[in-house]
Each structure stands twice: as C-alpha cells, then as structure tokens.
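A.B. asks: Each chain, written out:
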Amino acid sequence: MVLKKGCEKHGHLTSLFPFGKGVKRKRHEGDGQPAVQCAPQTFHCGTLLDLSLFKLRQNCVLAERNLHRSVLIANTLRRLQAEIHLESGCSEMPTGRLKPAQPPGQPASGANQVGPVSKPGRETITDLNNNLAGVTKPSLTEVPFCLLSGNDSSLSSAISTILQDLDFVEDLSPPPVQVSPEDDHDHLLPLKPASLDPRAEPRPPDSIFAAFEIADSNDFLIDGSLDAIFEDIDTSMYDIQQGFPAGTCPTSQPLKTTRSSPSIMAHNSRTDFTELENLMDLLAG
Amino acid sequence: MHLVQCESIETNSQGAGGCGNDIQWCFTQVKGTTDLDVSEVHCGSACRLILLSMGEDIDTRKINNSFLRDQNYVTEGEALPQLPGDDQTGGGLPDIRIFTTFEERALEVMGEVEDRAIINAEVSTGRKADIISTVEFNHTGELLATGDKGGRVVIFQREQETKSQPHHQGEYNVYSTFQSHEPEFDYLKSLEIEEKINKIRWLPQQNAAHFLLSTNDKTIKLWKVSERDKRPEGYNLKDEEGRMKDLSTVTVLQVPVLKPMDLMVEVTPRKIFANAHTYHINSISVNSDCETYMSADDLRINLWHLGITDRSFNIVDIKPVDMEELTEVITAAEFHPHHCNLLVYSSSKGTLRLCDMRAAALCDKHSKLFEEPEDPSNRFFFSEITSSVSDVKFSHSGRYMMTRDYLTVKVWDLNMETKPIETYQIHDYLQSKLCSLYENDCIFDKFECAWNGSDSVIMTGAYNNFFRMFDRNTKRDVTLEASRENSKPRAVLKPRKVCTGGKRRKDEISVDSLDFNKKILHMAWHPTENIIAVAATNNLYIFQDKVNSEMH
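Protein chains in written order, with my numbering: chain A, 77 to 361; chain B, 342 to 893.
Rather than coming from a laboratory, the hints here were simulated on the basis of the structure.
Even for Gly, the Cβ is constructed at its ideal location relative to N, Cα and C.
Careful: at least some of the hints might be erroneous.
Which bits of chain B does chain A cover? Going by a derived footprint, with three or more residues having C-beta under 8 Å, they are [as the list claims (entries may be wrong)]:
1. 649-657
2. 669-678
3. 722-732
Facing chain B, according to a computed beta carbon distance under 8 Å, are these residues of chain A, among others [what the hints assert, rightly or not]:
4. Leu124
5. Leu127
6. Leu143
7. His144
8. Arg145
9. Val147
10. Leu148
11. Asn151
12. Thr152
13. Arg155
14. Leu156
This is chain A alone, in the form it adopts within the complex:
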C-alpha cells in the first residue's frame, strides 16, 4: 500500500484534512466523538463523497487492483449517499421523512433531486424536479442509493472519468424512460447515452467490480454493433437449436450469457444507436 498516494493525488482534499505524520496541530472541537461531525454534515458528506469517488477511480487505475478496498469504498459510498439523502430529506420535511403522501414544501435546496435506480418500477417516480417524499421511503428501503442532482458538476465529472477508465462497461440496468432536460449528459453519451447523471452515479462502484473479473471472451463477442448488422437476418432456427436469445453469440459459458444477455442487449442497442449517431455526424461533417 502506498502511504502517501492519497495525499499526492488530491491536493485540494489534503488541505481539508491536514494530516501529517507527527505534526502537532490544534485539536478539533468535539474530538473523541464517534460520528463524523467536524463540519456541517452536508458539507462533510459531499467532501467524503468526492473522496470516495476519487478513491474508487484511483483503484481502477492502480496496477494492483485491490478488490477489498474497492468493496469497502463502494459500500461507504452507498452509505454516504443514503446519509445525504436522509439529510436532504430531513431538511425538506420538517414534519417527518417517512410520510410519502405529504408533498414537500419546496424543491430541495441546492436542487437535490432523486431519481430511480435501475428498477423497472421506478419510472413513475422519475420526475426529477421535485417530490422527494414520493421516493424517499421506497428508495431507502429497496434501493440503497441516493442520487444527487446533475447540477453537481464535480460529481458528474468524477463519475464520467471513472466510467471512462473502466475496462468493462457492463451496465446491467435498463435505462430509465425519462431524461431530465437540465442534466448535462454530453460527456456521458459514449458510454451511457440515455442514462441520467444520477443513475450513472450508483453504477460506478458496481461496474468497477465487474472490471475485476477475468476478461471473458463473452464480453467481446456480445457486441451490439454486430447485432444491428444482422438484424434483418432470420436467426430463429439458430436460436431455437442453441437455446440462446436472439442476437447473442454462443460462447463457452452459455449460462452466463443467458443470464446477462437481456440487459446487455438493451444496453448494446442503445450504445449502438448512439455510436451510429456519432458516426453519422462525423460522416455528414
């Protein structure tokens, strides 16, 4: 483990936590209490969030990927996000956070928005403008992720960098139906064309673990662009015999293919669509 890597890589964060070796410094107020409390909670959460995302990304590019570390950071990230969500939920609803029927008084301060996370049933609550209350309870119990708004540009840029650095882009979540108009997705398009910024956020920790797997030949064969080319060819005979969903290539690990193919197909077609779009733009000048 490289001790000082963290300090070197993000100078701005080290300034927030001056922590030298053997340096005498003033005691923080409230030393000795277990909870993180040095600064206002939301600020701290946000900083820790940045830090966690940075660490995840750092782990991806490290020569020796440490799965243990990534898992811990990802879990902490989830917890942080849940905490932030709780905080914003608290600030929204002074009467209580677990009353889904009660509409919020006003949109979240700082435009904290909540959207669905890869669950099909969430489309109805994908209105990103408000209505924290509607999603608070279900998202807390079912979906551990809390989502921040796309307005948090540092977060979105960190996420996009993480995604770009990943070896594998295995997005197994069906993309949402609605897209927030105010989110800036341009930099995410190559990878997740229709995904929301908030959606992208919970994915990085998960997708990162996929990167730890051995490169299966599967992943290269399941290529959306190939599917598009062969779309007009009738492969029904082939599929029935082999027992694979249409469009996928039979590989040495059929079990894995079958399990993951539906969502990959969806993703691939979307990626493929975007890629074609880009290509068309290039060709058209």
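Chain A is already provided as a structure; the job is to place chain B on it using the hints.
C.D. replies: Chain B only, in chain A's frame:
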C-alpha cells in the same frame, strides 16, 4: 543487515510464561536496513553481504529477469573478507553462506566486537522491497521466517546454547535467504503481479528437513529447507573441483567417503501451486492433517493437497453471479488447529463463518456465523470499514478464535456465535481521526494479531511502531514501542501511553503526534516461549522476556 546484539541485565522474579504485563519485555535484536531518520552508529566501512540465489530444480521455467529489480542483497565487493570455504564448489551444488559466519568474521575484520556493533549493510534494492510483509515462527520456534515486498524470504535460526558464546545464546541469526517469488505479468489483464510475500506458513516437521509454504497474490510455493554438512569425497572419475580426471592417472579405485564440511543450507522449491486464484490470495493455512492446506483469495477458498499441484478443490465461493452485487469479500481464513474438518473465514463486513467440510463439498453455507450486531447508536460512516476483519487466528487450544479489525481485537468462543467474549480497544483515540485516516488510506491497513503459547495473552500492532498486549486473565494491557532510538542494549521496554486528551504527561505521546507511516502490521509469537518477533516496516525486532534471556 543491521544486527544489534543485546542482552538484558536485570533479573526478574517472575517465571517464564507469566502474565503479559508481568513480563518485562527486553529488546533483544533488530534486523533490517536502517530508517533514514534514525541516527546510527556506523562502522568504518560498508560491508556487503552475500546471498546466492538457489537454482530451481523442479520448475524449469525461467522468468525474464529484466522484470526483476535488482533485488540481491548481494553484490560481491572489494570490502569482502575472504570467508572460509570460499573455494568450495561441491560439484554443482549452489553456494549458500550462513550469515552468522559472515557477521562474525565481519565483526572481526571491523575490529568491533562490542555488543553494539552495527554493520551498515548496503542493500542494492530500493527501500520498498525490504518492507517485511509477513513473519512466522515454525512449530518449535527454532526457525523464524520473514517475507518481504521484494519476494524474498529470510529464515532465522535460534542459536543453540553453547558455553563458548554466552553472548549469542537464544538469539536468532540468519539461517537462509532466498528469492521466493518473482514479479510476473498477467498478459490477459495487463497487470503486474506483485512478488510481495503475503503469507508464510510452516509445515509441521516430519523429517530432518523443514518445509514452508510461501505465497504472493497468485502463486503458492512449497519450499524445502535442508542442511547439508557432509559431502562425498574421493570420486574416481572426477577430481576435487569436479573436472573429469585424466584416466591414465587413475591407478587405484577408491570408495567415496562422506566428509564433514561447513554447514550449508539448501532451499529448493518442491511444488508450485499456480493458476488457481483469480483474485489476490490473502491467506494460506495448513490443515492439521498435514496433507492438505487451503488458500483464500478475496472471493474463493481452495483446498489443495500438498503433493498435487495441478488441481485444487474450491470449497468456498462467495462470488455473486452479478459482480455488481458484490458487497463483501473474504479477508482471512484459517484451519482449526486440531479438527481437520473445520475452517473459519472472515469477511469485510466483520462476520466470521465457521465451515465444516464434512457437511458438504462446497462450504458456501456456513455451519456457524459469528457476528456481533452493530450498535445502531454507534453507527457512523466508516463503521463498516473499521469492522472489516483483517486477521483471524485460532487459539492454540482450538476453543477460541481472535479477530482483528481496525480498532479492536475480539476474542470469540467457538460455542457462542452471538457476540465475542472479549473485546479489546486497541486505539480508540483514532475514532475522531477516521476521516483523515480514510483520506490517506490508513483506514485500510490490515493489522495482524497473535496468541501467546498458553493463549493467555494476545498481541497486535498499531501505529507509531507501537504494539499492544492484552492479558486475558488479569485484563491488563501494555503498549510498547519498537524503535531503534528507544532500544538500547539490554533495555527493558518501557510501556508507552497515548494521551487522548487533556493534560499530556511527560512520557505520553499525543494522538496528533503519532506517525501513521510507522505501523506494525505483522508479528509473531514464539509457540512456547515469551519471544516475539515484530516487523516494523523494514526492520524486524525480536523481544524476549527477561527471564527467558536470563536463562539462556
């Protein structure tokens, strides 16, 4: 190598094997390169030490040495005194020297015969390669093995009692050094595989030779350590140097006889267990049946037979179908010391799972789950990270097991799954520093822990080169420090104290002054006596209790 020969002078009325706190620990030896910021007494000129690496006689694959950083302890230099037996080349046998002989000779050459002679050994490697990554006594305590980040294993042997050298009794001197693992490259993933030795485990001794298993992230190797103190002389066809004789000069036939020679320690790789782990190996554990052992990586545990290298059985697999659902990894695993069917593995969520291999071929379903429920009032952001178990060790009796997480050591009774029977706070003052420790990655440090021979005292490391001992019977604890500055010859270690708040007393050190780069992660306790080996970055400290060193 830095070698500081020390003794204790004070007498101690306590018997050996007393309580941890009644033992007065004495600094005995330290091995390793110096720290930059520690001032040292240097000898006049630098010596260079000899290490000659072993040729592999089983595995004929040659790893491209251009990968290898120059890791030899050795380069032969002009300053080398001529050692006895320098010209001996026993017919193709690799040359191995014993450091003891060299050190003694070097001391004579240097003219320094005092206890405090320090040889400034020039090690041609970078400092990182010298960082000790594992420490392990063998089952009798006669041998002590250390592995480092550069893939080397150094074995120390305890000096036998001899009347002629009263100063060196009971001390550990280098017995053998060899390069266990080389850096490799995984072409499939375009990743370098570190040669760092993650764990060393000794096999119970069954004949004159010693066997040990050493592992890096991917490959486990079985090494045979044997001594050779006789060599055949009087071949008919070859002369002393191994050259073929001119047949016309051979007039009489002779029977070769075994003549004694200088002791040579041979280390040969006997088995290489490779390609069974996708993820990084974190533990190996030899079964009490002495035939099998297990290796655990982040998601899987494999069972091997010591004689079979081309296959292993997977007994635990916690890899989720969808890697995106991964929230927990295996952090450590160990076999029960007496029951060959029981094993325990710990997770990053702070749970322990006891598995019985008789129940099923796959032990995914645990027999017992040891988990202390999280206190909801004490929940904080980093509580999951701090609850991740970094080490698990069965007691010698087999009744208890001990786990080390970031802030505590817990002792569990195998019969009670709901909570540990004892919890010891190691450095609770770090609770308020967790943010910073998270930032500089110190929160991910994996500390080890150790039982003493009678399971009455437990020991674990901390920061600032502190290590802590807890007596389970008297409930007392002590904090000691492993540092060259504070380790005078024949010195009894003074207990240290960390001041957590309020007025700082004279000898106390405040939390803010702790050096988080100096951490004691690896350590070992002699199986029967009160001798501990503590690894502080690239130095190995050996401490004995006063009674022990008195007796020898």
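A.B. asks: Which of the listed hints are not met by the structure?
C.D. replies: Result: hint 1 breaks, nothing else.
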